[in-house]
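The listed protein sequences correspond, in order, to chains A and B. Just so we're aligned, residue -14 is where the first sequence starts under the working numbering, counting upward by one. Just so we're aligned, residue -18 is where the second sequence starts under the working numbering, counting upward by one.
No wet-lab data here; the hints were simulated from the structure. Don't take every hint at face value.
Distance windows between CB atoms, simulated [said to hold, decoys possible]:
{"no.": "1", "chain 1": "B", "residue 1": "Q202", "chain 2": "A", "residue 2": "E2", "range": "19 to 27 Å"}
{"no.": "2", "chain 1": "B", "residue 1": "D(-13)", "chain 2": "A", "residue 2": "T129", "range": "14 to 22 Å"}
{"no.": "3", "chain 1": "B", "residue 1": "R217", "chain 2": "A", "residue 2": "G47", "range": "25 to 33 Å"}
{"no.": "4", "chain 1": "B", "residue 1": "P(-8)", "chain 2": "A", "residue 2": "A67", "range": "17 to 25 Å"}
{"no.": "5", "chain 1": "B", "residue 1": "M51", "chain 2": "A", "residue 2": "Q39", "range": "16 to 24 Å"}
From chain B, some residues computed to sit far from chain A (all C-beta separations above 10 Å) [unchecked claim]:
{"no.": "6", "residue": "D(-13)"}
{"no.": "7", "residue": "E(-5)"}
{"no.": "8", "residue": "I15"}
{"no.": "9", "residue": "A21"}
{"no.": "10", "residue": "A27"}
{"no.": "11", "residue": "R52"}
{"no.": "12", "residue": "D131"}
{"no.": "13", "residue": "L199"}
{"no.": "14", "residue": "G206"}
{"no.": "15", "residue": "K245"}
Glycine included, each C-beta is placed from N, C-alpha and C at the ideal position.
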Amino acid sequence: MAEPDDRPAAEPGRFEEIYDEQVVSIYRFVYARVGNRPDAEDLTAQVFMRAVEQLDTTRDRGQIVSWLYRVSQNAISDYWRAFYRLPVIGADQVAPGWEPAQPGEVRERPAEGVAATQRVRKVLEQLPARYAQVLELRFLQRLTVAETAKQMGISHGNAKILQYRALRKAALLGDFDG
Amino acid sequence: MAELDDAALEPRAERFEHYLDALLAGGRPSPDDIEDTDEAEMARLAAEMSAAADPEHGAPDPAFIEQLRMRMRQADEGIAAVQEPLPVRPGISGRAGRVRVTRRQLLAAAVTGAAGMAAGAAAMTVVRPVQATEGLIWDDGTGLVPSGFDWVSVALVKDVPEGGALRFSTPAFGGYVVKLNGEIWALSSVCTHMGCTLQFRTDWKDLRCPCHGASFNLEGQLANGRTGWRRNGGYRGDQRPYAIDLPDLVRPDVQVRDGHVLVKTPHF
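Chain B on its own, in the form it takes in the complex (with noise of 0.2 Å):
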């Protein structure tokens, strides 16, 4: 490393500094702050400093070990062909107005879907027969080409609380049907960050992801990240801001047709 003066120094330590900010607040911090090897072996010591440093030691958060234990117990009472994503980071998934669906999506929804079925056929009425999981073809680790689409109905127009949010399910994918000052929107209940499902807090007004902690206001944008954090002072209970910033909710298309809200649903 040869040495620089100041000056020189100074773009690079601002850049860094992103970097520490993110790992010392207890965030994600980002490898696109790192400029060269020497800053990754600089990375990797602060990283380990860092660790050191716990007072708690890297005692693991209770609830992450429940909820690991959870998803280990479903994938090995069956669901265990279905591979879990790896983490994404930000900007790779979540074209606005597009879902896609991956296999596991799929797999989940159908199970969650066929539950939710069962327990109260009547809050969701399909306008077309969706063609049944069972059997279906795809191709391993891409995502799925959808053979059409159908407008499936996941609410009555009645039952959206205004300024709240209504959790549907179909066979592709789950979401939320949002009404705020008369509009209808749906959200996809997909989290940007690694895909946990959303939930809605009636208090907060807000889809909140249980995995990392991530809020996102009915807008389908994330609303404790650091941007909002500073212009905010602050968000709703939270001791600190959500370390990365992730791409908007998906918005399926919806339509309203005599008193249903429907959604546009891909079919395989």
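Looking at chain A on its own, in the form it has when it is part of the complex (with noise of 0.2 Å):
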């Protein structure tokens, strides 16, 4: 069966060929960053919407990841400076255009879940017993700061500093996120 093709050369469709294929990935790897779901989802559409106006699709699968993973690693960037106070770079100015894979590089996406968990741990397990549990308790097992101090046996108030030294400790060690 011939039909006239006068199509150009990206096929239609391929854009939701590399949706489908990366749309998950791509949520886990911003979710894992941000933390919280509505921010991830915001980024992630971020992120494909610049790739149906900016993206190549004739370029090869694993520069299209890699242009992928950038596009995202710069969006958190920017999500976190807000956090920071520090002025906002635009995705543009940061990764300009098409950046190809560096040679041999690979761009495939860590694995999240396992390596994560691991990483809270090893967190914790640095901590004094006192400031691991109560992060325990507020993040691994999600009790409320109300719930938490009872468990541990202390006020309100003092659930909430104790959480607050906690973290402060826990993010001086550093590293957390490799």
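Combine both chains into one complex, guided by the hints.
Here's what the structure looks like:
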């Protein structure tokens, strides 16, 4: 069945193919770094809407994946700049246009699930027992401050202060995100 | 980081708990609860720990995946030149009584408006013809400056159900006509979070955002935020409060004439 084909080289539907293949990985990559669903959705949407406008779908798969992670990383950096009170630099300036993968560069996503859980364990192990306990109750068991306070036999106010000190100490340990 | 005693730490710990509370409830934490660079480090650590400790390991919501697919498909199919707005923090948009029309909303309204007209032209009587959007020239990026206003008939008074809302669409924006206790007003259907189109739920009598689940009452106020949640002990089958405060919906000016509901609409 021969039909005239005057379409451009990049097939229509190619975006969707890339989208189907990559969206869950990109979302998980972002989520692991911003820690909440609404922001992870916003940033993931930004990445793919940018891809529709700017991504050259005739590139090979490795380069496309590389581009997606680079744009994601820039979006995450911009997100955190707001918390650090740093001026936002647009992803355009950080990654102008097209950035090919380095020769031999592997840009597959790191395993987020298991490795991340181990990282949490590692942080908790390095903390004094009370600090580890308060973080475990709040982050792993997902208790409220009130429940945490009750469990630890301290006041509500002291639980807030304890978790603050614990996070402060943990942040000082550094290199959590490797 | 210098060591601080408990008394000095208390206000900081209190505010930081706002960040943690939003984060651990699965909501959107605000940078406004972060005091300095040290706390930003703590916030980032907390975000990464929270994600890592999530039993679902960050599995995306299937509804979100589908919704983004539709947005991409539309963009890919020729609305590609239209920029999606970046996420807006509360307080930036939505001045009461004024409709700020973005290029995207204008085009979106033009597209759905054309389809709506074809589907049911009788439902929308344009009092005065509104300039076609074709051939418009506008500044890139900034909001449009209207060259004038029209009063556009969007519904017949008798068609608006008491205690309910009727969807309308003009070439400039979409919204709902609301009738409550005999009074009539209009609300923009643009969610004040990210601009998604709100849907009226007849069962709950609210305007619900399909993107992140904000619900607005018929007065245009966020109904399932944390304040309302605390006051009422929950919201209509939702499992958690909507995590951030949102400005009220925009209320376009309305008048009723000869049985028609007219909405003030900018043209360009």
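> In ascending order, which of the hints set out earlier in this document are inconsistent with the structure?
Replying inline: Result: hints 1, 3, 6, 7, 8, 9, 10, 11 break, sorted rising.
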